[in-house]
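Q: Sequence:
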Amino acid sequence: MPGSLNKKIIELENKFSILITKYKKLKAANENLKKEITDKEIDLILYKFNNSNNSNIEVLSPDEKSKLRDDIDSAIEELDTLIINLKD
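Each number in my numbering corresponds to the 1-based position in the sequence shown with 3 added.
Hints are computed from structural coordinates only; laboratory data are not their basis.
Since no wrong hints were added, every one of them can be taken at face value.
With a Cα cut of at most 30 Å, we get these calculated DSS-like pairs of lysine-lysine:
id : residue 1 : residue 2
1  : K90       : K37
2  : K11       : K30
3  : K90       : K43
4  : K10       : K27
5  : K51       : K37
6  : K38       : K25
7  : K10       : K25
8  : K38       : K70
9  : K43       : K27
10 : K27       : K38
11 : K37       : K70
12 : K10       : K28
13 : K68       : K43
14 : K90       : K10
15 : K27       : K90
16 : K38       : K90
17 : K43       : K30
18 : K18       : K30
19 : K18       : K90
20 : K38       : K68
These numbers were taken from a predicted model, which means no experiment stands behind them.
Construct all of the structure, not just a fragment, from the sequences and the given hints.
A: What follows is the structure in structure tokens.
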């Protein structure tokens, strides 16, 4: 009995260690995503400001608009992946 109990304790410790590792990785990924989202929000604000028909501000080029759109789509995909990982 004590041998199987010790084995069970070791298994639980291993599982707990794996969970802590996953949590730390997700936490780091979350911090990176927060920074990226902040950058995207700044870009979006600049984009909206540039398109407010202010004659003193240069409007984004089509390439810049495309890149901004791609960056936002990428951030959304990363968030979706993070949510899926959190569910697992």
